[in-house]
Amino acid sequence: MWAFNKVANTVVVFSARPAKVVDVIEVGLPWPCRRDDSQLVALRSRILDLLGNEQVAA
Numbered sequence: 011m012w013a014f015n016k017v018a019n020t021v022v023v024f025s026a027r028p029a030k031v032v033d034v035i036e037v038g039l040p041w042p043c044r045r046d047d048s049q050l051v052a053l054r055s056r057i058l059d060l061l062g063n064e065q066v067a068a
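Reading the sequence shown from the start, the letters are residues 11 to 68 in the numbering used here.
Keep in mind that the hints were calculated from the coordinates and are not lab data. Some hints could be false.
[As the list claims (entries may be wrong)] Estimated spans, in silico, between C-beta atoms of each pair: (1) Arg27 / Ser48: 33 to 43 Å; (2) Arg45 / Thr20: 13 to 23 Å; (3) Pro42 / Thr20: 17 to 27 Å.
For clarity, every value in this text was computed on a predicted model and none was experimentally measured. Beta carbons are placed, not taken as given, at the ideal position from N, Cα and C, and that holds for glycine.
Whenever a hint applies, use it, and build me the whole structure from the sequences.
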């Protein structure tokens with residue numbers, strides 16, 4: 011597995027048009043981190059869930 015060089019401190023998830031902030035997520039993961047890190051996988055799932063829910067609601 012490869013490691014990320016940097017992970018963003020904050021992820022802002024926006025809604026579809028008109029764009030509104032759906033969630034602001036503080037990452038708080040040390041870097042470099044592995045792609046299979048359980049915290050990173052959970053964060054990715056949370057973000058994708060937010061984006062998926064937004065598509066259904068749109």
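Results for each hint:
1. Arg27 / Ser48: 33 to 43 Å: 34 Å, holds
2. Arg45 / Thr20: 13 to 23 Å: Once the Cβ atoms are compared, 20 Å apart, the range 13 to 23 Å for threonine 20 and arginine 45 holds.
3. Pro42 / Thr20: 17 to 27 Å: Given a distance of about 18 Å, which is inside 17 to 27 Å, the answer is holds.
Consistency note: the structure conflicts with none of the earlier hints.
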